[in-house]
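S.K.: Put together the whole structure using the sequences plus the hints.
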Amino acid sequence: MSMKTETPDALLAAEVSRRGLMKTTAIGGLAMASSAFTLPFSRIVNAADTLAPATAAEHVTWSACTVNCGSRCPLRMHVVDGEIKYVETDNTGDDNYDGLHQVRACLRGRSMRRRVYNPDRLKYPMKRVGKRGEGKFERISWEEAFDTIADNMKRLIKDYGNESIYLNYGTGTLGGTLTRSWPPGKTLIARLMNCCGGYLNHYGDYSSAQIAAGLNYTYGGWADGNSPSDIENSKLVVLFGNNPGETRMSGGGVTYYLEQARQKSNARMIIVDPRYTDTGAGREDEWIPIRPGTDAALVSALAWVMITENLVDQPFLDKYCVGYDEKTLPKSAPANGHYKAYILGQGNDATAKTPEWASTITGIPADRIVKLAREIASAKPAYISQGWGPQRHANGEIVTRAISMLSILTGNVGIHGGNSGAREGSYEVPFERMPTFDNPVETSISMFMWTDAIVRGPEMTALRDGVRGKDKLDVPIKMIWNYAGNCLINQHSEINRTHEILQDDKKCEMIVVIDCHMTSSAKYADILLPDCTASEQMDFALDASCGNMSYVIFTDQVIKPRFECKTIYDMTTELAKRMGVEQKFTEGRTQEGWMRHLHELSRQAVPELPDFDTFRKQGIFKQRDPEGHHVAYKAFREDPQANPLTTPSGKIEIYSEELAKIAATWELPEGDVIDPLPIYTPGFENYNDPLAEKFPLQMTGFHYKARVHSTYGNVDVLKAACRQEMWINPLDAKKRGIANGDRVRIFNDRGEVHIEAKVTPRMMPGIVALGEGAWYDPDTKRIDQAGCINVLTTQRPSPLAKGNPSHTNLVQVEKV
Numbered sequence: 052m053s054m055k056t057e058t059p060d061a062l063l064a065a066e067v068s069r070r071g072l073m074k075t076t077a078i079g080g081l082a083m084a085s086s087a088f089t090l091p092f093s094r095i096v097n098a099a100d101t102l103a104p105a106t107a108a109e110h111v112t113w114s115a116c117t118v119n120c121g122s123r124c125p126l127r128m129h130v131v132d133g134e135i136k137y138v139e140t141d142n143t144g145d146d147n148y149d150g151l152h153q154v155r156a157c158l159r160g161r162s163m164r165r166r167v168y169n170p171d172r173l174k175y176p177m178k179r180v181g182k183r184g185e186g187k188f189e190r191i192s193w194e195e196a197f198d199t200i201a202d203n204m205k206r207l208i209k210d211y212g213n214e215s216i217y218l219n220y221g222t223g224t225l226g227g228t229l230t231r232s233w234p235p236g237k238t239l240i241a242r243l244m245n246c247c248g249g250y251l252n253h254y255g256d257y258s259s260a261q262i263a264a265g266l267n268y269t270y271g272g273w274a275d276g277n278s279p280s281d282i283e284n285s286k287l288v289v290l291f292g293n294n295p296g297e298t299r300m301s302g303g304g305v306t307y308y309l310e311q312a313r314q315k316s317n318a319r320m321i322i323v324d325p326r327y328t329d330t331g332a333g334r335e336d337e338w339i340p341i342r343p344g345t346d347a348a349l350v351s352a353l354a355w356v357m358i359t360e361n362l363v364d365q366p367f368l369d370k371y372c373v374g375y376d377e378k379t380l381p382k383s384a385p386a387n388g389h390y391k392a393y394i395l396g397q398g399n400d401a402t403a404k405t406p407e408w409a410s411t412i413t414g415i416p417a418d419r420i421v422k423l424a425r426e427i428a429s430a431k432p433a434y435i436s437q438g439w440g441p442q443r444h445a446n447g448e449i450v451t452r453a454i455s456m457l458s459i460l461t462g463n464v465g466i467h468g469g470n471s472g473a474r475e476g477s478y479e480v481p482f483e484r485m486p487t488f489d490n491p492v493e494t495s496i497s498m499f500m501w502t503d504a505i506v507r508g509p510e511m512t513a514l515r516d517g518v519r520g521k522d523k524l525d526v527p528i529k530m531i532w533n534y535a536g537n538c539l540i541n542q543h544s545e546i547n548r549t550h551e552i553l554q555d556d557k558k559c560e561m562i563v564v565i566d567c568h569m570t571s572s573a574k575y576a577d578i579l580l581p582d583c584t585a586s587e588q589m590d591f592a593l594d595a596s597c598g599n600m601s602y603v604i605f606t607d608q609v610i611k612p613r614f615e616c617k618t619i620y621d622m623t624t625e626l627a628k629r630m631g632v633e634q635k636f637t638e639g640r641t642q643e644g645w646m647r648h649l650h651e652l653s654r655q656a657v658p659e660l661p662d663f664d665t666f667r668k669q670g671i672f673k674q675r676d677p678e679g680h681h682v683a684y685k686a687f688r689e690d691p692q693a694n695p696l697t698t699p700s701g702k703i704e705i706y707s708e709e710l711a712k713i714a715a716t717w718e719l720p721e722g723d724v725i726d727p728l729p730i731y732t733p734g735f736e737n738y739n740d741p742l743a744e745k746f747p748l749q750m751t752g753f754h755y756k757a758r759v760h761s762t763y764g765n766v767d768v769l770k771a772a773c774r775q776e777m778w779i780n781p782l783d784a785k786k787r788g789i790a791n792g793d794r795v796r797i798f799n800d801r802g803e804v805h806i807e808a809k810v811t812p813r814m815m816p817g818i819v820a821l822g823e824g825a826w827y828d829p830d831t832k833r834i835d836q837a838g839c840i841n842v843l844t845t846q847r848p849s850p851l852a853k854g855n856p857s858h859t860n861l862v863q864v865e866k867v
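The opening position of the sequence shown corresponds to residue 52 in this note's numbering, with each subsequent residue numbered one higher.
Warning: the hint list may mix true and false statements.
To be verified - As a list, the in silico BS3-like pairs of lysine-lysine whose alpha-carbon atoms are at most 27 Å apart: (1) 786 <-> 745; (2) 866 <-> 832; (3) 785 <-> 866; (4) 685 <-> 431; (5) 712 <-> 378; (6) 378 <-> 702; (7) 187 <-> 832; (8) 557 <-> 205; (9) 382 <-> 712; (10) 209 <-> 237; (11) 628 <-> 174; (12) 370 <-> 712; (13) 628 <-> 611; (14) 866 <-> 770; (15) 174 <-> 611; (16) 523 <-> 209; (17) 685 <-> 668; (18) 785 <-> 745; (19) 628 <-> 209; (20) 431 <-> 378; (21) 136 <-> 668; (22) 205 <-> 178; (23) 558 <-> 178; (24) 558 <-> 182; (25) 832 <-> 557; (26) 712 <-> 187; (27) 611 <-> 178; (28) 712 <-> 786; (29) 628 <-> 178; (30) 702 <-> 382; (31) 521 <-> 557; (32) 237 <-> 205; (33) 832 <-> 558; (34) 431 <-> 315; (35) 370 <-> 286; (36) 187 <-> 174.
No wet-lab data here; the hints were simulated from the structure. This structure is a prediction, so every number in the text was calculated from the model and none was measured.
M.R.: Below you can see the structure in the form of structure tokens.
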């Protein structure tokens with residue numbers, strides 16, 4: 052990809068090989084050191100016996116990193132005189148990939164000691180004395196804190212009802228059992244509120260709202276995927292916006308399985324992404340850059356090639372699918388309303404989805420689109436997967452349905468080595484979680500629209516705003532619980548708007564934040580409660596994206612709680628006492644008592660699980676998938692009559708009658724599209740939007756390897772190792788007089804951020820990228836100085852899921 056001249060074709064991304072990327076890098080004068088690409092672990096490192104055994108004065112206790120990265124990793128904490136001295140990871144087993152291999156934590160988890168002893172730790176309960184967001188608090192007793200919260204709960208329930216109390220999104224302790232912070236209905240806060248009459252719930256999540264909503268209408272429910280270990284049976288791997296090398300980078304995560312399985316199969320790997328990610332890092336066979344939000348256009352052109360060259364799996368489409376062509380089109384659909392007609396230009400838009408058509412939209416040369424279509428169609432089985440980046444767009448729901456079409460068209464669903472087109476699945480040990488009772492309040496809103504529910508709650512309806520459980524909200528949000536989460540401000544879009552809403556304490560009258568550190572969100576609390584870290588209490592941690600070996604970690608108490616910190620169980624028990632529901636809440640058990648109870652229930656399903664005290668010493672329990680590899684929809688593929696999907700037809704729905712009804716009845720703003728077919732629609736604020744005259748660069752976010760969202764964002768060594776930077780292509784930087792390392796201003800109508808520039812050919816021209824999760828740090832003009840992307844993102848939700856389109860942004864960049 053030449054970068055010497057600027058031509059109209061410069062935005063058309065030529066195919067990029069590893070050799071080509073390195074050559075381009077040298078041409079751009081940005082000679083890339085080997086450290087520019089980082090592996091999260093080394094496959095040549097032997098089992099961890101690098102440190103001497105614990106001395107007589109030292110003991111080792113098992114704990115875990117329970118944050119929201121998609122892995123969950125064991126940590127072995129070395130303690131001397133009640134202080135953690137250093138951290139190791141799993142050293143059990145022979146580390147044979149085909150056996151019970153070691154689950155090695157990445158550098159984030161291994162920095163846990165710096166989280167526990169971080170200067171930002173909250174030490175005691177506090178109440179706000181300044182304006183929300185100023186971070187002005189005064190110390191109070193636990194009794195005053197509990198009394199204040201309980202009194203406000205009683206008052207607000209009396210005046211507004213339980214629907215006025217909201218549990219905000221938080222995933223800081225996602226991997227816990229008693230300490231679990233999400234989904235809201237599975238938390239101890241939910242158990243407390245359900246004992247007191249319920250709360251306003253939310254559906255969806257900031258990570259995957261659009262893919263959950265979109266593929267629900269294709270496959271029914273949460274879309275399953277083959278485990279990444281099954282790639283050992285694949286001939287080709289195609290990753291759309293899927294970056295496990297930075298998001299799931301531990302020895303228990305997807306990266307480990309991806310690399311180990313590819314060593315066995317020698318599968319070719321192609322990455323489709325606007326940014327050359329560390330999942331590539333020289334290990335991929337090809338990177339195909341693409342304009343953000345245009346994946347559905349690419350898929351449509353790939354489908355055109357497959358259809359016109361007779362490369363589709365017609366028997367599979369006839370037997371397992373609805374709506375591919377007129378033979379399986381529902382009677383309610385219009386003439387030529389099927390997918391094949393849309394692709395060939397026989398539908399309403401009368402436009403054939405040729406490679407040339409898609410090339411001008413995606414920035415991918417037409418000949419490369421043709422080649423990719425033939426590669427995918429001929430490489431059966433092919434593992435086609437999408438991460439959660441493509442769906443985090445204004446058109447995200449429809450994009451997810453489109454990407455899955457590649458697996459459907461080629462018949463790769465339900466077989467070894469194939470995939471559904473969704474994200475990878477995994478095997479899971481059945482383990483009991485904390486019961487939380489049913490919520491008496493049936494109403495829920497999208498997790499992304501809670502600020503609207505503060506401002507205009509009674510105006511929010513089912514047809515316009517996605518309210519579920521009733522036609523409309525009756526009351527606005529008057530109280531927010533924010534437990535182990537930074538979505539109150541830092542991780543929620545359009546921070547300046549959110550700031551204005553939260554500062555008015557006559558709207559939302561009570562905000563309770565429970566956290567370990569003084570995060571950006573904690574500064575908006577009315578009552579701020581100091582939580583214990585995982586190292587200061589007992590719990591079980593369950594894996595997440597674990598391939599074909601599942602595990603459970605016994606996270607024991609390593610040290611005593613620091614300062615005046617309390618566990619979430621003790622806090623909610625004290626509040627239950629004040630609300631008159633203590634016995635119902637605790638059922639007479641302590642935190643350890645609940646752990647023993649849940650452990651015994653789990654042993655009924657998993658007899659191999661060791662007894663409680665043995666497990667406590669052992670630290671981790673591992674179990675491999677008895678089927679070898681998890682294959683999504685395998686039973687459906689083997690017998691669709693006996694094992695139908697949960698869609699209305701029981702089949703894969705390429706045309707969805709339910710979506711057609713929604714499209715006809717919902718009230719959508721101009722530019723929003725819901726369609727029964729997985730078509731291409733640009734969505735709002737796209738690359739061709741008139742707004743691009745003022746803000747000509749697309750900005751996308753990405754998950755930065757130094758953080759898990761905002762968690763670990765205040766660990767000094769990680770910040771130093773991976774500086775927060777805006778990624779920009781040399782062509783775009785040259786136009787603006789920006790050199791590598793220059794401080795730049797990124798701005799649009801929503802806000803402004805100042806941050807260093809990383810000038811690199813690893814970005815497609817016309818696009819800039821900013822890692823999400825940096826801790827919001829505004830100056831007196833509310834210009835962020837830390838690189839927090841959500842100063843620039845929009846609070847306009849996506850059409851169907853009402854989810855966060857945080858990768859749909861237009862900005863301008865200038866040198867400061």
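S.K.: Each hint should be assessed against the structure and marked as holding or not.
M.R.: So, going through the hints one by one against the coordinates:
1. A hinted pair counts as satisfied when its Cα atoms are at most 27 Å apart, and residue 786 with residue 745 qualifies at roughly 15 Å.
2. Between residue 866 and residue 832 the alpha-carbon distance is near 18 Å, which keeps this suggested pair within the 27 Å criterion.
3. Between residue 785 and residue 866 the CA atoms are separated by roughly 11 Å; this keeps the pair inside 27 Å, and the hint holds.
4. For the hint linking residue 685 to residue 431, the alpha-carbon distance of about 16 Å falls within 27 Å, and the restraint holds.
5. Under the criterion of a C-alpha separation no larger than 27 Å, the hint pairing residue 712 with residue 378 is consistent with the structure, at around 21 Å.
6. Annotation: proposed proximity of residue 378 to residue 702 holds, straight-line Cα distance about 14 Å (limit 27 Å).
7. The straight-line distance between the Cα atoms of residue 187 and residue 832 is roughly 19 Å, inside the 27 Å bound, and the hint therefore holds.
8. Proposed proximity of residue 557 and residue 205 is supported: the alpha carbons are some 17 Å apart, at most 27 Å.
9. Only pairs whose Cα atoms come within 27 Å are accepted, and residue 382 paired with residue 712 is accepted, the gap being roughly 14 Å.
10. Note on residue 209 and residue 237: the hinted pairing holds, with a Cα-Cα distance of about 25 Å set against a maximum of 27 Å.
11. Taking the CA atoms of residue 628 and residue 174, the gap is near 23 Å; set against the 27 Å cutoff, the hint holds.
12. With a C-alpha separation of about 25 Å, the suggested pair residue 370 and residue 712 falls inside the 27 Å cut-off, and the hint holds.
13. About 24 Å separates the Cα atoms of residue 628 and residue 611, which keeps this hinted pair within 27 Å; it holds.
14. Taking the CA atoms of residue 866 and residue 770, the gap is about 23 Å. The hint holds against a cut of 27 Å.
15. Only pairs whose Cα atoms come within 27 Å are accepted, and residue 174 paired with residue 611 is accepted, the gap being roughly 13 Å.
16. About 20 Å separates the Cα atoms of residue 523 and residue 209, which keeps this hinted pair within 27 Å; it holds.
17. Pair hint residue 685 plus residue 668 does not hold up; C-alpha atoms about 38 Å apart against a cutoff of 27 Å.
18. Under the criterion of a C-alpha separation no larger than 27 Å, the hint pairing residue 785 with residue 745 is consistent with the structure, at around 19 Å.
19. About 18 Å separates the Cα atoms of residue 628 and residue 209, which keeps this hinted pair within 27 Å; it holds.
20. For the suggested pair residue 431 and residue 378, the alpha carbons sit about 25 Å apart, so the restraint of at most 27 Å is met.
21. This hinted pair checks out: residue 136 and residue 668 have alpha carbons roughly 20 Å apart, not beyond 27 Å.
22. Between residue 205 and residue 178 the alpha-carbon distance is near 19 Å, which keeps this suggested pair within the 27 Å criterion.
23. For the hint linking residue 558 to residue 178, the alpha-carbon distance of about 18 Å falls within 27 Å, and the restraint holds.
24. Restraint check: the Cα-Cα separation between residue 558 and residue 182 comes to about 14 Å, which is no more than 27 Å; the hinted pair holds.
25. At most 27 Å may separate the alpha-carbon atoms for a hinted pair to count; residue 832 and residue 557 meet this at roughly 24 Å.
26. Among the hinted pairs, residue 712 with residue 187 is inconsistent with the structure: their alpha-carbon atoms are about 50 Å apart, more than 27 Å.
27. For the given pair, residue 611 sits about 25 Å from residue 178 by alpha-carbon distance, which is consistent with the 27 Å threshold.
28. Only pairs whose Cα atoms come within 27 Å are accepted, and residue 712 paired with residue 786 is rejected, the gap being roughly 48 Å.
29. Pair hint residue 628 plus residue 178 holds up; C-alpha atoms about 21 Å apart against a cutoff of 27 Å.
30. A hinted pair counts as satisfied when its Cα atoms are at most 27 Å apart, and residue 702 with residue 382 qualifies at roughly 16 Å.
31. Distance check on the hinted pair: residue 521 and residue 557 sit about 26 Å apart at the alpha-carbon level, within 27 Å; holds.
32. Distance hint between residue 237 and residue 205 is fulfilled; the C-alpha atoms sit about 23 Å from each other, no more than 27 Å.
33. Using a Cα cut-off of 27 Å, the hinted pair residue 832 and residue 558 holds, with the two alpha carbons roughly 24 Å apart.
34. For the hint linking residue 431 to residue 315, the alpha-carbon distance of about 16 Å falls within 27 Å, and the restraint holds.
35. Under the criterion of a C-alpha separation no larger than 27 Å, the hint pairing residue 370 with residue 286 is consistent with the structure, at around 24 Å.
36. Simply put, residue 187 and residue 174 have alpha-carbon atoms about 15 Å apart, close enough for the 27 Å limit, and the pair holds.
Violated hints, listed in ascending order, are 17, 26 and 28; each of the other numbered hints is respected by the structure.
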